[in-house]
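Listed in order, the protein sequences are those of chains C and D. Residues 1 to 412, numbered by this note's numbering, are exactly what the first sequence covers, in order. Residues 413 to 699, numbered by this note's numbering, are exactly what the second sequence covers, in order.
Simulated from the structure, these hints should not be mistaken for laboratory data. Computed from a prediction, not measured in an experiment: that's the story for all the values here. Heads up, the beta-carbon is just placed ideally off N, CA and C, and yes, glycines get one too. Hints are supplied without guarantee of correctness; some may be wrong.
[Unchecked claim] If you want the footprint, here are the derived chain D segments under chain C, 3+ residues with CB under 8 Å: (1) 456-462; (2) 513-520; (3) 531-542.
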Amino acid sequence: MIKAEGVSKLYRLGQIGTGTLSHDLKRWWAVTRGKEDPYLKIGVENDRTKKATSDYAWALKDINFEVKQGDTLGIIGKNGAGKSTLLKILSRVTSPTQGAVKVKGRIASLLEVGTGFHPELTGKENIYMNGAILGMTRKEINRNFDEIVNFAGVELYINTPVKRYSSGMYVRLAFAVAAHLEPEILIVDEVLAVGDAEFQKKCLGKMGDVASHGRTIIFVSHNMQAVQSLCKSTMYLKAGQLQDYGQTSAVINKYLSKEVKNCLQRSWERSDAPGNDVVSLLSAQIIPRTDDSDVILISTAIDIEFRFVVHKEMDLCLSFLLYTTSGNCIFNVGTPTEVLKPGEYHSRLKIPGRLLNDDIYTINLLFVKDTSVIVYQVEDLLTFEVADEVRTAQWYGKWPGAIRPDLDFSLL
Amino acid sequence: MIEETLGNDADNWDILITSRRSYFDFNIRELWRYRDLLMMFVKKDIITVYKQTILGPIWFVVQPILTTLMFVVVFGNIANIGTDGVPQILFYLGSITMWNYFSETLNITSKTFTDNASIFGKVYFPRLILPLSKVVSGLMKFLIQFALFLIVWLYYLLIKKSISPNVYIMLIPVLLAAMAAISLGFGLFITSVTTKYRDLAFLVSFGVQLLMYATPVIYPLSRIHHHRIWLWLNPLTSLFETFKYAFFGSGTFSLPWLLYSLAFTAVLLTLGIVVFNKVEKRFIDTA
């Protein structure tokens, strides 16, 4: 059971060194006179998109929550949201600047696999070493030794120094030790990113086991898949503050709709519409065909609609290009070329669900005359993110490929 | 009745993580629970040092033998500093064995935080375990070297019959404990004050070398005739003199100064632990 009360953490930005001594002295002077630490007041919100206005930033600000014994808690948020800081505080690697965390039961934390592994020691010696560092007694390790070796699949190499292990074996052994910890509370950072699919499956299965034995798990991840399947409740951090805390799927939805920088709609008045003396664009809009408002999942079909004005009669077509943020063009489709008289027009492109992979996409729109001359184009017109769905398989890695079509593929 | 239950509830937490911690919040029970870890660190230190060497642990004794020969040539014969009638080899070997334990333990414990930042940043265990393990693994090495010293000592005692040890030999565990505590106390203090400002760290290894000359290691205290009080103020002095007195029957034994050393040691170690405990919580933010 864990109870956090007003946990905050202040970090100094920039170099430690010049200027720190004078700040330390001021701080010490204020505190000895019984006054408040002057630097606690000037900390700013940890927002990486803005330039820092102060030398101090709150990595965490006033976090309150409670985790009951046997709960599985996920922590999600973008980079810099304070997830790692919170984990470090919970695992007692560092202490909060303000506030307190109360814990009942033993904590073991896995912020990294293989902490304390020494390359010169054998697999067996490292199991004892690593186990002891993670808080196991010799007795506990003895009891689990065979199981650890089995889990890691390194029976043959147990008396070989780990520096001769392949990186896969090394990681498997390290995780195996951690997986056999028997604390009441297990804190896990994104260690699942390592290892092959089979091993990932084993790890998640093991964590599920641990959770079902009434032990508490706190799990930090960028991987919504893993969080969704493993955690009952989830905490969403943003810029060091607690945005939401509750049932996992609701929190994940909130996270996706808040953090995804979608630009789904733009429109202009006729007077300031982008364009030239041939065409001008009035509006562009992405309409997800789902009840779930803003979130576009890989299964969501979307309509993209444009309104534009033609000023001169000509043979014209609209050409649509879809790019990923890394700049790869996924596809290009065009309307049939037609003779368009001056006036307002409306067009719609339908993208079915189960075509795009989970990624962030941008749209370029081209107006093409006589099927060859670009008369006007708008780049980065709209941006949208396609989010992954909950997968049924026990594998949560990034799905490869530019597209993810739902094709018929089966044994005959 | 209700208040009592509330009180109980508040005391029910096993771990409290806050920014404040009193200076004397020193959890011996927790330290004891991690004793297996301490033994693992010791084992690692000993196993890994001479892995992939042919001579292995023999290197532990090669080092003091060569240093002793060097000292015999330089200090004994060229500089002609006396040894109070004790055979030179025995005198230097004993001093070096003792001094090495002190200086190596101090050097390594004074780098506890900087050397182990990566482990400390990833996992919690009582930080004191690490410097303590260095004290113990240093002791293992010391015991091997001390065995060498004992062989040489027995040779001079039984065959050459040129030294006259006395009952104060029984004090050797006390001397050792005091040496360990002084080096640990200094080490803890230094590593704590150098986490944020590294300046002092540059002084340490250099300072330890200087300290050797301020301690009767390569010369007997009896050679110093003026201002001897300054040497006595060095807490190591009486330890070395008691050692020589006990094993060779030649040093200067002074009970008041020995007690002074022990008191100094106790204070230093307490101070070291207090400062270390204070620093360990925030260290990772400034490392």
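Comparing the hints with the structure gives:
no.: 1; hint: 456-462; in the structure: holds (count 3)
no.: 2; hint: 513-520; in the structure: violated (count 0)
no.: 3; hint: 531-542; in the structure: holds (count 7)
When each numbered hint is compared with the structure, a violation occurs for hint 2 only.
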